[in-house]
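Fit chain B to the supplied structure of chain A, relying on the hints for placement.
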Amino acid sequence: MSDELYSLAYFSRNTMTGPPEAIEAGVGQILHVSRDNNRLAGVTGALLFSGGCFAQVLEGPQSVLEDLFETIQYDPRHDNVTILHFHAVAARSFGGWSMAYAGQADDLREQAVAAKALGSPDQITTAADGHGFLAVLTDYIRRSEQGSPVSAEHD
Amino acid sequence: MGMVEAAVIGSDDVDPLTGLYLRRGIQSIIADSLAQPKDPSVRPTLLVLDLDRFKAVNDSAGHDTGDKVLKRVADRIRRAAGPDATVARTSGDEFAVFLPSGDAVAALADKLLELVGHPYVVNGHAITITASIGIAQSPMDGADAEALLRSATIALHQAEIEGRNRLRKFEPSMQDRARLRLALETDLRAALALQQVELREALTLDQFVVHYQPMVDLASGRLTGFEALLRWQHPTRGLINPDSFIPLAESIGLIGALGSWALRRACHDAANWPLPAHGGTLKVSVNVSPLQLREGPALIAGISEALTGAGLPAERLEIEITESAMAENGAATLAAIYALGIRLAIDDFGTGYSSLSRLSQFSFDRIKIDRSFIQAIGAAVRPQRQGSVGGGAWMIRAIAALGNGLGIATVVEGVETAAQASLARQAGVTEMQGYLVNAAVPAEAVPALIARLDQANSFGMSAHE
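Chains A and B are the protein sequences, given in the same order. Going by my numbering, the letters in the first sequence line up with residues 1 to 155, in that order. Going by my numbering, the letters in the second sequence line up with residues 1 to 465, in that order.
No lab work stands behind these hints, which were simulated from the structure alone. Incorrect hints may appear among the rest.
[Stated by the list, open to error] So these bits of chain A aren't anywhere near chain B, every CB distance computed over 10 Å:
1. Pro20
2. Asp36
3. Gly42
4. Val81
5. Ala88
6. Ser93
[To be verified] Coverage of chain A stretches by chain B, computed from C-beta distances (three or more under 8 Å per stretch; other residues unrestricted):
7. 6-18
8. 62-68
All residues carry an ideal CB built from backbone N, CA and C; glycine is no exception.
Next up, chain A with everything else stripped away, as it sits in the complex:
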């Protein structure tokens, strides 16, 4: 029961300040650590960073996700955490990725703004907004699998 496959998506506000390189390095570190941890724990997913906000999808065994999410709450690099969804899924959407990454690419930004995905968590006020964001993120990661320049680590 507690090992059932679940998917969790959340949105949060970046609290890192400083020059873009420092923030980029911070995000790089988040990715590095989460990829290592996720590979061991059987967690896959994707991270979107808009500059102002993070959005992350995590998928894996329910109990693992619940503990992992709790650990993420302690990370001082973000606040205003809002859950977009948490439910059982039949299959993984990001099965090949310990943590795919979509950064501040311009084409993504346009799509995400169109789907109300970027900005503050407050802008995602309905389930439809949340699903719109997830659709954009999923689509972007999928396309990147076909060779677009996304910084993602394929296992």
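Okay, now just chain B, sitting in the frame of chain A:
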């Protein structure tokens, strides 16, 4: 248990669920800390943190999930508070954090509100809760452990009264208010308990009366009806306004009994009012609180009985509800009241949460424009507030236009001067209520007031008493 020395921290003082100290454990640690001589600038500080509406988590997700959330809350607090702090679970969903030195208390409290407010995922549930925090510092807010705990708890209650999800530092005035509240609560219970048997049928209550404030048509000056206003005639404190005792009655579960009494009294009085010379009928408006609205069928039965008992036609009764009541799940109850032929009014309009789309989902007959808008324009007694002058008038015009568009009456509340009445009329508001027409009067003074308002051909000119 009683034989254990307070200074010794044993396993009895530790919460098995969270591993935190229990109340007694932290109390003795605070006592030890306060007993040590120290620089007066050190200010040992206590935070008391309560999870807002945590019962809902237990109710909806089960106690096992609730307990797991509590463990995570405990861990988050412990992590945020740091190694110098002592953390305790003082009751079901209440925690305490004692800091030997109070320098960083504001930053910690903010951090706690943020961190405890992050979501929890437990047993397949995604749960978001908020917290309220009260803060007290020694020696000014309490010289010993017990006094410090009490002060922090009073500050916590203040944070909860102000809407939860916030922190409040203790102030001596809070204690006075807490004492007054407690005294009033005791008196209110006593006042109603003495008559509990009769309360279901009585028309008179020893300490409670209903006063009536007239409303007049702005175009014709005609009297249209009265708002019934509940007053508590306290044996030693004098006349107490509903703003002070209705929230109390709600919090101790007596609002239903008191509300249905007021309704019965008002219907009975209105049925005996003389007919006005203009040949129309006079409505009586009765306030119904959101809590009463939640009682649904019981409220509707109470209203029907009040009408039948008094012999008052349904269309002469108007039920006033606030915007926030409308925002809750009272839609079915309001529709049932409306279907009885009773009129519905939205009270204090413009200050609550109504959205226009929400408004259009309800059937109602009147909008009462909150007094703050007209009083921002230029009252008789209050100094005129610069800057809000245009805003008040603009809001009144907008709400009047909304009423016109919906084809329903609008009443501006709190009119004190002829200039305000004239402005409201020009803005398109249809009725007014306030000291300019008359203050609320006891039931026995209503017939004379009806006669006087019948004679006044222009309310704007009638002197108020």
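So, going through the hints one by one against the coordinates:
no.	hint	in the structure
1	Pro20	holds (25 Å)
2	Asp36	holds (22 Å)
3	Gly42	holds (17 Å)
4	Val81	violated (5 Å)
5	Ala88	violated (8 Å)
6	Ser93	holds (18 Å)
7	6-18	holds (count 3)
8	62-68	holds (count 3)
Consistency note: the structure conflicts with the earlier hints numbered 4, 5.
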